[in-house]
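Q: Can you build the whole structure from these sequences, using the hints too?
Protein sequence lines correspond, in order, to chains A and B. Every position in the first sequence, counted from 1, becomes a number in the numbering used here once 1327 is added. Every position in the second sequence, counted from 1, becomes a number in the numbering used here once 1327 is added.
Because the hints were derived from the structure by calculation, they are not lab data. Hints are supplied without guarantee of correctness; some may be wrong.
Just so you know, same-sequence chains aren't split out, so a pair can sit in one copy or run between any two.
BS3-like cross-link-like pairs, simulated, lysine-lysine; straight-line CA separation at most 25 Å [what the hints assert, rightly or not]:
1. 1417 x 1454
2. 1417 x 1372
3. 1342 x 1388
4. 1417 x 1388
5. 1342 x 1437
6. 1437 x 1372
7. 1454 x 1372
There are 2 protein chains.
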Amino acid sequence: MTLNPELRNIVDFTKGNGLVTAIAQDADTGEILMVANMNEESLAKTIELGEAVYWSRSRQKLWHKGEESGNVQKVRELYLDCDGDAVLMKVEQIGGAACHTGKQSCFFNKVENGAVIDIGVQVFDPKQVYKK
Amino acid sequence: MTLNPELRNIVDFTKGNGLVTAIAQDADTGEILMVANMNEESLAKTIELGEAVYWSRSRQKLWHKGEESGNVQKVRELYLDCDGDAVLMKVEQIGGAACHTGKQSCFFNKVENGAVIDIGVQVFDPKQVYKK
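A: Structure representation (structure tokens):
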């Protein structure tokens, strides 16, 4: 699956070795939920499905977010940045949590005075959701 | 310049070949202003200065955002994500525009029905600011 010619012309996968950065932002609160990567196929699938589909660098495969947990990200709006190497999605996060830790956002490690403080909001217990 | 041991332990530069993704979010409005990359030195400098310092992949050097235009990004809060390969900065954007195009945000290309629409807010004329 590929992008249409207009989008293919503006999205730049070369700088990221075939990947662009993809940010998921809560459409209602503006909170940044997570950041991951997309290749052309995953971006095309995201647009087709209206749900976030990333490219997992660690597993080297398409990753339809929420396929296991049910916590999909419904894409309400999608933006490309000025040089086409990043995607911003304003999403509705089903289940209320984006992070595999069960926290609302992946950005729960606050850096203060050179130390890290966990300010995360726990939404679910990952042991209950990912039954492996 | 390097990170202190506590931060060095949590930030993961390996997955991005020495880089992490860095997102700048307007601290007041929640708008995503831009996304770029940081290596260890640039993240350490960002923390030391309290202003965003990126690593420019295209120029292969440290990039103290605003060094030319004066439009620095004052870092109010800094977060790391769950797996340590992304940084989120809540910033005060001096000059009101983050993008080299003179627009408020770099994410001005809205994708709708397979086409791209420019919804950008023009803050300054780049020809006036970058006198090259």
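Q: Between copies, within a copy, both or neither: which fits residue 1417 and residue 1388 at Cα up to 25 Å?
A: This pair counts as within: shortest intra-copy Cα distance 23 Å, inter-copy 31 Å.
Q: When no copy is specified for residue 1342 and residue 1437, does a C-alpha distance of 25 Å or less occur within a copy, between copies, both, or neither?
A: Close across copies (21 Å), not inside one copy (29 Å); limit 25 Å.
Q: State whether the alpha carbon distance between residue 1437 and residue 1372 is at most 25 Å within one copy, between copies, both, or neither.
A: between (33 Å within a copy, 17 Å between copies)
Q: When Cα atoms must be at most 25 Å apart, do residue 1417 and residue 1454 count as within-copy, between-copy, both, or neither?
A: Neither: 28 Å inside a copy, 31 Å across copies.
Q: Go through the copies and call it for residue 1342 and residue 1388: within, between, both or neither, with a Cα cutoff of 25 Å.
A: both (20 Å within a copy, 15 Å between copies)
Q: Within a copy, between copies, both or neither: where do residue 1454 and residue 1372 come within 25 Å Cα-Cα?
A: neither (29 Å within a copy, 38 Å between copies)
Q: Up to 25 Å between alpha-carbons, please classify residue 1417 paired with residue 1372: within, between, both or neither.
A: within (16 Å within a copy, 30 Å between copies)
When the structure is compared with the earlier hints, violations turn up for hints 1 and 7 and for no others.
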